[in-house]
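**Q** Given the coordinates of chain A, work out where chain B should sit on it, guided by the hints.
There are 2 protein chains.
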Amino acid sequence: MRATLIYGAGDIRVEDVPDPRVREATDAVVRVVRACICGSDLWPYGSRPATEQGDRIGHEFLGVVEDTGAEVSGLRRGDLVVAPFAYADNTCAYCADGLHTSCPNGGYWGQNGVDGGQGEAVRVPWAQGTLVKLPVGEDSPLLPSLLTLSDVFCTGHHCAVKAGVGPRTTVTVVGDGAVGLSAVLASARLGAERIVLMGRHADRTSLGRDFGATDVVPERGEEGVARVRELTGGEGTHTVLECVGTETALETALGVVRDGGTVSRVGVPQYEEGPVGYGMFSRNVTLTGGVAPARAYIEELLPDVLEGRIEPGRVFDRTVGLEGVPDGYRAMAAREALKVLVRP
Amino acid sequence: MRATLIYGAGDIRVEDVPDPRVREATDAVVRVVRACICGSDLWPYGSRPATEQGDRIGHEFLGVVEDTGAEVSGLRRGDLVVAPFAYADNTCAYCADGLHTSCPNGGYWGQNGVDGGQGEAVRVPWAQGTLVKLPVGEDSPLLPSLLTLSDVFCTGHHCAVKAGVGPRTTVTVVGDGAVGLSAVLASARLGAERIVLMGRHADRTSLGRDFGATDVVPERGEEGVARVRELTGGEGTHTVLECVGTETALETALGVVRDGGTVSRVGVPQYEEGPVGYGMFSRNVTLTGGVAPARAYIEELLPDVLEGRIEPGRVFDRTVGLEGVPDGYRAMAAREALKVLVRP
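Protein sequence lines correspond, in order, to chains A and B.
Our numbering applies: residue 9 is where the first sequence begins, and numbers increase by one.
Our numbering applies: residue 9 is where the second sequence begins, and numbers increase by one.
Be aware that a few hints might be false.
[What the hints assert, rightly or not] Stretch by stretch, here's where chain A covers chain B in the computed footprint (C-beta under 8 Å, at least three residues): (1) 269-277; (2) 287-298.
[What the hints assert, rightly or not] Covered, in the sense of this in silico footprint (three residues per stretch, anywhere, with C-beta under 8 Å from a C-beta of chain B), are these stretches of chain A: (3) 265-278; (4) 295-306.
If you are wondering where the hints come from, they were derived from the structure by calculation, not from laboratory data.
Where is the CB? At the ideal position from N, CA and C, for every residue including glycine.
For reference, chain A alone in the conformation it holds in the complex (with noise of 0.2 Å):
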């Protein structure tokens, strides 16, 4: 079949690979029908140091069972299923407590011999804890929005979730990439009284706006948190999601919070140590987030997908096939592209 590798900043391949098979009894065999290009993609593809051997890549995806192991119940072949972005077993203490990216049967996609999910099909650990059905066909127009449970839609909430979100809570995005978008949404969702999006790029924060922003801020840095600031008497918000992933970002989190409140962040760290010293204490600032538990979320927020009252799927702006990715990652790496959906 052929999937998507890495091989250094900037080059990535759509190659022959070896097909997927049921190799352990808890595995399934899936047909992807639609993957993407998450932001978090864009590190390694800015960074990677040159390798001759490549690494498979992607790590969103819905599709079709194929085949399941013995042990797999409740799937079977021709079910359309999505994956979240941590394979895990469901049944373990963590599974239980909503953490499966801590499970220690877990895993990421594309990593340790298992597939990316930018690919014609992909061998899934675990079957049985990781998919969740879809009850809707492999032509339905919700595919795009069914797809951001996999990842985007549900690290939005995670980060809104975390950061303790809703009624009566006023909140900062600081990003207006798709994450920063669905953390937008996600908040809109839980009822959140306002949202401060801080972003540059219109056609984005107007996005921001469809999706429940109140107020956009374009400027960045000590600006950016000076209008926050303005904007709320002076006290910054309750909560600030922090979806870019780099310290300025972080700074600027903390810069916009309220004495009290909470910083949530679910942008890959780019920094191994944060401004977290006596300014963040003395204020009774919470700093909390990390990488989403996503097939926690998946079973409460796929019924207001279903009947349409979120549309988390207007993040993606661009449609490749599985040999347009190489582009795909291009056209988001230049700002281009918001979020790039892939038809295998």
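**A** Same frame as chain A, now just chain B:
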């Protein structure tokens, strides 16, 4: 009157200073009946640059109201009161949220012309909001425990509350100083299932066991982390109460917290940057805590002290008069004393 000043590292002096008097209509003057020395006082005691002018010091006291300004109601001459370690108006939005340490009218003792607590008397700004009446006489044997409501016990309680300690929570307390022991007591009071105390001073950890610690780990650093993990099936505890303030203590805390858990800190950070990068993010660990809004907790904790259900004053193991304060600092810094009570 006589009061304590700090002139530099290791240089504490008791000197004559002007008698406090009511300046603002919202002030009161309190004659100090009991004060004490805080672990956080040891930071300037260890490192303050020497100056010609000293600074007033001390931020924990209880005493008798001697005078009140025209706008102070609910308090009168002769009332025994306890002061939280930050004064506050108790009427603003932050105070209403229980975050008195962020009150725009608030501040700390010994700063900006306000008296320190280690003296014969104190002018109390925003007295009506700040002071809490105590329904006992100044000869009560409960005074040491009541004094801990000024800071140390409320700080331990804040640490536990911000961590979300409750029944079914496992807790590690990092540090066997007076705040760490208070955090043990607070966790036990909140019903924690298991409390691991990390500390290596046998007399202190023995008091920690009396306060409710179920396990004591004397090892430090990586060895200590390994020991706590061994005690908890390799996972660590749901919450960690970091009661020291060094980066090493923060690293230990991050090392012993369970994935998805919370590190709450009340030790004043002696670092500007901390290790909050991908390792913490990938495990969904939350960092919370901060300077304790003691005022928010006094009414809640008072009945348990008055009715003898808790005895947080057991952290005091030495008593000095005002002239003995410099030696009290020396004894605490040398770890001869756990916490020194002052009877002016």
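**Q** A separate judgement is required for each hint: does it hold in the structure or not?
**A** Checked hints:
Coverage of a stretch by a chain is defined here by at least three residues with a beta carbon nearer than 8 Å to that chain's beta carbons; for the stretch 269-277 of chain B and chain A the count is 3, and the condition holds. With 11 residues having a beta carbon nearer than 8 Å to a beta carbon of chain A, the stretch 287-298 of chain B meets the requirement of three or more and the stated coverage holds. With 5 residues bearing a CB less than 8 Å from a CB of chain B, the stretch 265-278 of chain A meets the requirement of three and the coverage assertion stands. With 6 residues having a beta carbon nearer than 8 Å to a beta carbon of chain B, the stretch 295-306 of chain A meets the requirement of three or more and the stated coverage holds.
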